[in-house]
Amino acid sequence: AQAQNSTREVAYFAVPAGPLTSALQQLQRQAGVSIVYEARDLQTTQVSATELRGARVGDILRQLLRNQPLRFEEKQGVIILQPTNPAAPAAPGKRAPQSRQVKGRVTEAGGAALPGVTVLVKGTTVGAVTNGAGEYTLDLPEGAETLVFSFVGYLAREVAVGEQATIDVALVQDAKLLNDVVVIGYGSVKKGEVTSAITSVDPREFNRGVVATPDQILQGKVAGLNITRSGDPNATASVVLRGASSLRTGQAQEPFYVIDGVPAASINLVAPDEIVSIEVLKDASATAIYGARAANGVILITTRRQKPSAAVSYSGYVGLEQVSNTLDMLSGDELRGYLEANSKSLSPADNDAGTNTDWQKEVMRTGLSHNHTVSYGGGSEKSAFNASVNYFKREGVMNTSDSERLIGKINLDQKTLQDKLQLRFTLTNSLLTQHLISELVYKNMFTHLPTTNIRNADGTYKENLTRTQYYNPVALLAQNHEERKINTLLGNASAQLTLLKNLTNTLSLSMQNEAVKGGSYQGRESPVPNAANVTGLAAKGLARRYSVENSRKILENYLTYSPLSTAAHNLKVLVGYSWQEDKNGDGFQTDTRGFVSDQLGYNNLALGNPGGVAPNYDAAIAGYSLGISTLRLISLYSRVNYGLNDRYFLQVSVRRDGSSAFGRNNRWGTFPAASLAWNLAGENFLSGFRKLNELKLRVGYGITGNSLGFDPLIATQRYSSVGTFYYNGAFIKAIGPTQNPNPDLKWETTAMLNVGLDFGLWQNRLGGTVEYYDKRTSDLIWNYPVSTTQYFVNTLYANVGEISNKGLELTLSAQPVQTSSFQWSLTGTLAHNVNKVEKLANEQFRLDQVYTAYPGGSGQSGISTQVVKTGYPVGQFFLPEYAGRDENGLSLFYKADGTTTGSPTLNDYRYQGNAQPRLLYGLSNTVSWKNLDLNFFLRGVQGNKILNATLANLNIPAQSTANNLPAFSLTEPYADNRANYYSNRYLENGSYLRLDNVTLGYNLPLKSEYVKRARVYLTSQNLLTLTNYRGIDPEMSLGGLTPGLDNNNFYPKTRSYVLGVNLDF
Amino acid sequence: CTDLNAPIESEYTPSNFLTTPEQFIAASGPVYSQMRGEVAKAYWNLQELSTDEAVIVARNGNYYDGARYQQLSLHTWNPQNEFVRVAWEWGFSGISTCNRTLALFQNTPDGAFKTQFTAELRTMRALYYYLMMDAYGNIPLVPEFGNTTQPTNATRQQVFEYIEQELKAVLPNLSPDVSAQTYGRPTQSTAQALLAKLYLNAEVYIGQPRYTEAIAACNVLIKSRKHSLAANYLDVFAVENGPQVSEIIFAVPFDANLAQGNMMSRFALHQQMKDKFGLLFTPSNASLTWPEFFALYQEPTDTRNQQWLSGKQYLSDGRTPVLISTTKKGLDSRYTGSDGSAAISYHLELSDRLTFRDAAKFDVGNDELGKAQGTRNIKYYPDKSSTSRDQGNDLVLLRYADVLLMKAEALLRGGQDPDGATALSLVNQVRTRAQVPAFTTLTLATLFEERSREMAWEGWRRTDLIRFGKWEAVWGQGLKTNADTYRRLFPIPATELTLNTNLKQNPGY
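Chains A and B are the protein sequences, given in the same order. Position one of the first sequence corresponds to residue 20 (this note's numbering), numbered consecutively onward. Position one of the second sequence corresponds to residue -10 (this note's numbering), numbered consecutively onward.
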């Protein structure tokens, strides 16, 4: 608690190039500190233009004094500035003892010179500052033992002098210092003052490789944040924070994204290279400021705004992607042999002599990806700009699937009214083009007989259409096309006005527009039925086009007031208002049929010959709703932060949210939160523990809501088209109620208690965080069955159920080795969560359980494999128990009474494990040696089950004249016609350990006046997986209501190799 | 600004809908589109798969689906059965929709339009009630919409009386007209035919014979001369059937594109029949008839034989055989000869036998012989113009031939006819149309057989078997032996009992 003035924070500090004295005057004014110096010492000193955000006075001074022979120290609250080497006054009489000289060079870990580093003889004010080449010379006074090397943004190092004449030192960047300021939504606080569970992720920790969106770069990095990435270039990752807490799926389970302060902005707008930091707000005391949308956590993304000086950078990579694993299916000859051995034979139509078609191979390829980002910026102290362009193209490993994206972004910042008004403008546009494929391919690439050719002799695709859902996978990709173009535009303008010295008003206006255009075409030969069971073959070509726009307008205005800012008391108050209106589904879709050629696809609907079939305007578009719907959200929020003596911190916030989607009787909700932090390390009773440099206990409790994914009309009675009826000689549209009204419908409520402990030892060489949370979500929304004796329709959306999640999270980071040429740092995360459905029914809405996860499959329509039931977690498997085989080789299952049966019924089912892992972990290692660095990242889960329904459905030996078999089936009795029945036989351990990312980088030791920095790296993603799981990949999405179900339903996982380069000019 | 009233721009809600007569007509549509929803699916399954007339067997595991079809055939269903649940929800949604539409309509000005419209909706409600009472017996009686207290079971007698009163009350206000203008909606004939059904089965429903009243209802209908037998039996059910078929009293209109839900051909046909009927989709090869039912068709000239597909199959030209290229083992997976892989060409023959390979699982195998098992019904003739799996044949629920047979049966069961018609002459009208020789004598047993031949696959078999006391008989090659009389009623679905604790399960379940 000594040097308090130099640790005081300045939210924004900027000076133009000019005399140091005027910069110091400004600093005194802004920070309210006293700085004393001899004017003659500074007379000629000039500083370059400087801009810093959220920096401490000491850091600002270090920056200003960089390259200057000046140093500062604080004594009794006054900062004293003096020359590093005061002219030694000639001592009269006695001659000073001869001091010896030491010199050396200070570099970054990568080897680049570090100018401006302060080199100080410990315990004295004697020191030097390194020059442009990073070199210093220092006269050592008598008794000098240790040199301290310090520089803003780097970990200080102490080196014993000994007898050395040359001391070279490499400094390591200090992640903690870089992220000294933590964004908390509508503002920021110093890391030491954080009172809730927030994890900051620095760009250097991001996942490298073929990565499209911000969620994917966080995979495995944040304890408790479970992200599943798909191999599909067009799929979004599923993100679940601290366990499932909604029975609704999709957006309702995803965190809430705030990008550069714009709530609910599209993550498609952010190129990973442009991200400066990501903060994950995990507990309710942190997220409650976002109210009714915050229950799944909030992810705050900050992108690059501007560079301190004119600069250009480029980063890019080229990647190759391959499928990481395939299923071992029989070859044509193996299948023929197997059938022969079981005295069965293929129909001639299914048996082309000598053919061994590997369908998995036929539909897959090595995908090529490349990504380029060019970014540049500059300007003056008054106005600055930054512009960037990102291009990303990724070919999927499944033929014809790919995605291509172009993002352009411009920032303009301007200061006026004597810097009292700060204007900011950002315009981002993303154009994403996707080529999608039919999900039928995933099943047919396994089931299709390897004994048939891809094509007939006449060049047409070979098909056997006497079987259901049995199609030539190559033809599926060739004959069916779907393309989607998503243009997302975000404009944001904000004005920050300093009204009084400690009172600021910020007004932010945003507008986001997402325009989706798409089309699909099923060719004239395509035997695949569409949603209305019409095939391209029957219709002679089926074309569909759609266009839909979703727009969003947001106004945010907030005041920040800091009435107290002394050494002992620090009080900040925030009060804000926000208004948001979303207009979704503004568009239409239509279709036609009957084309004479496939050549033009869906590009010219006018060429169709629909032959009296009316266009279908009602068809659903996956991921989008059609029909204009307007959602309005209005909020008032406030937050108070109070710090006492740098040791006790309190944060209290409240938000009041109103939504037009909520029922008439429950339009407004209030979401309060409070949290406390106690900085134990600052207490006197711990002052003896010198190794301990951080110890902080945090306790927080808050209430948040979940109203994400709400249809704006979810609570209203609706009339819609319910088919047609015959009236007066013609079919006309029947219009009837399609939704019961529920005026009481509201958000889902989550109350969360969080207890956390942050610690740091040995100058943060070892640091970590432990979190415990207890999260209880009530008012869960479910579409409850209601009796049609009283209601319009047989279901009603109502708030009834409860789910709890309790867990522990541990994050540890360490720097075991830190020498000038060799550094090793590692970070590990570990998360444990227990999920439980506490309640599903109440007096009014009765529901014993919900049977879910119907994999379908031959003869198994309508068989459920999971149950959502009170007392069990989401993803609870509920299945027959396998009892081996009878004397005829037929599978048996236990009945409820312990005897066995060949046809188990629901009464015989048993609760058998669940899909949610007990442990999730990640371990990241970075080793640098001189200019080389190696990072490898391990990730895994433990203690979960997966139902391998894919294998079950393939394991039907008796149908092997119609469907190919996996090698697994070779040891199965041919006669077992119930081998495929879902039971715990197919319930497998889903644990895995994955070497998820390995990156080898090299910083080129350039001494060029053109290129400041150059780095090349090689990355491999998903290099190795250790698991006992028999399916293609054990990594299952934990989103949705039926996690852990492997049912021919996913795009294969991939392995990629990337060569990348980063250049700064 | 704290105004949360966002505009509603693309949906009808109570604030912007139901203000004009045209909107009311559209709002009555759900009553009819609801009827279409399951009448040819779940409801049909309850009425037909539970009898000797239709069955869905498993083919090497396919269509086993947790024994849901098998349960119906063997009378072993439980309150969890999928079709028991779906049919209930369908029927009571229909009733609820009628109640709601009637409530909405009360506020409109009186007039001829309102009078007839109201009568039609009440007749539809009576029809839904009839179907539910017939299937489930002691059902809740909820004649009004919006009452949130949960109803209790009414007795079957109470429901019977309610239906009777309603039909009688609305009869004068229904249209007497039988034309394209009224087709698909209930007319006076519809109400009379439904009354006849109600009275004919009164002994089953309420334990009282009401045969004379059944005859009276038939008589009004017959004497109105609005309906007559179609010259050609299959025309009544053809893809093009519609208002021009005067035999139809009430049909549920379907269209392959505009009004989907009839997929009889998709379920009934063998995959290879695609070529024979020029279909654009591959049928699923599921529903068949039991051989003993098919055995009722013995007269070679009977035009009603044409509704069955059996024996060796030829393409539409009648000459080209339907050939399936396979191997000996592909034909019969049980073949053990060493030349099992030898290619053969199999002339498809739909077997009128049903040979189970695994009777416990209702499985007939899925080799070519297995696939060819069973006689198929094409009464609702396949729709070659359809590009989906749906077909355009309107489902005939009430027709004139049924009225004639009902009257004949009521006479045989002791009902009095003031017009003095004989049961024999009525039945012979039907036989003559079918181009089979007239009967000279008639007993309830021969009438039952005639009725079976005439009314196959039309959704009345379960009701008929119960009335004739044959519901507890053995059929299905001896597999169906369950004789529990409580199964004359289906159970109230388990889900409904969970929702409404005031309801009591039917006895026996």
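Worth flagging that the hints you see were computed from the coordinates, not collected in a lab. In this text, all values refer to a predicted model and were calculated from it rather than measured experimentally. Among the hints, a few may not be true.
As the list claims (entries may be wrong) - Just a few of them, taken from the derived set where beta-carbon distance is under 8 Å, the chain A residues facing chain B: (1) 362; (2) 368; (3) 648; (4) 811; (5) 815; (6) 869; (7) 925; (8) 929.
What the hints assert, rightly or not - With a cut-off of at most 27 Å between alpha-carbon atoms, the simulated BS3-like pairs for lysine-lysine come out as follows: (9) A:504 / A:412; (10) A:481 / B:317; (11) B:350 / A:914.
Glycine included, each C-beta is placed from N, C-alpha and C at the ideal position.
Each hint tested on the structure:
For residue 362 of chain A, the suggested interface contact is upheld, since its CB lies about 6 Å from the closest CB of chain B, less than 8 Å. Of the supplied interface hints, the one on residue 368 of chain A holds, with its beta-carbon coming within about 6 Å of a beta-carbon of chain B, less than 8 Å. Because the closest C-beta pair between residue 648 of chain A and chain B is about 7 Å apart, less than 8 Å, the hint holds. Given hint, residue 811 of chain A at the interface with chain B, holds; its Cβ is 6 Å from that chain's nearest Cβ, closer than 8 Å.
Because the smallest distance between the Cβ of residue 815 of chain A and any Cβ of chain B comes to about 11 Å, over 8 Å, the interface hint for this residue is violated. About 11 Å separates the beta-carbon of residue 869 of chain A from the nearest beta-carbon of chain B, more than 8 Å, and the hint is not met. Because the closest C-beta pair between residue 925 of chain A and chain B is about 7 Å apart, less than 8 Å, the hint holds. The restraint placing residue 929 of chain A at the interface with chain B is violated, with a minimum CB-CB distance near 17 Å, outside the 8 Å limit.
Restraint check for residue 504 of chain A and residue 412 of chain A: satisfied, since their Cα atoms lie roughly 14 Å apart, inside the 27 Å limit. Of the supplied pair hints, the one linking residue 481 of chain A and residue 317 of chain B holds, its CA atoms being roughly 23 Å apart against a limit of 27 Å. Between residue 350 of chain B and residue 914 of chain A, the direct Cα distance comes to roughly 17 Å. Compliance with the 27 Å bound is thereby established for this hinted pair.
The structure does not agree with the numbered hints 5, 6 and 8 stated previously, though it agrees with the rest.
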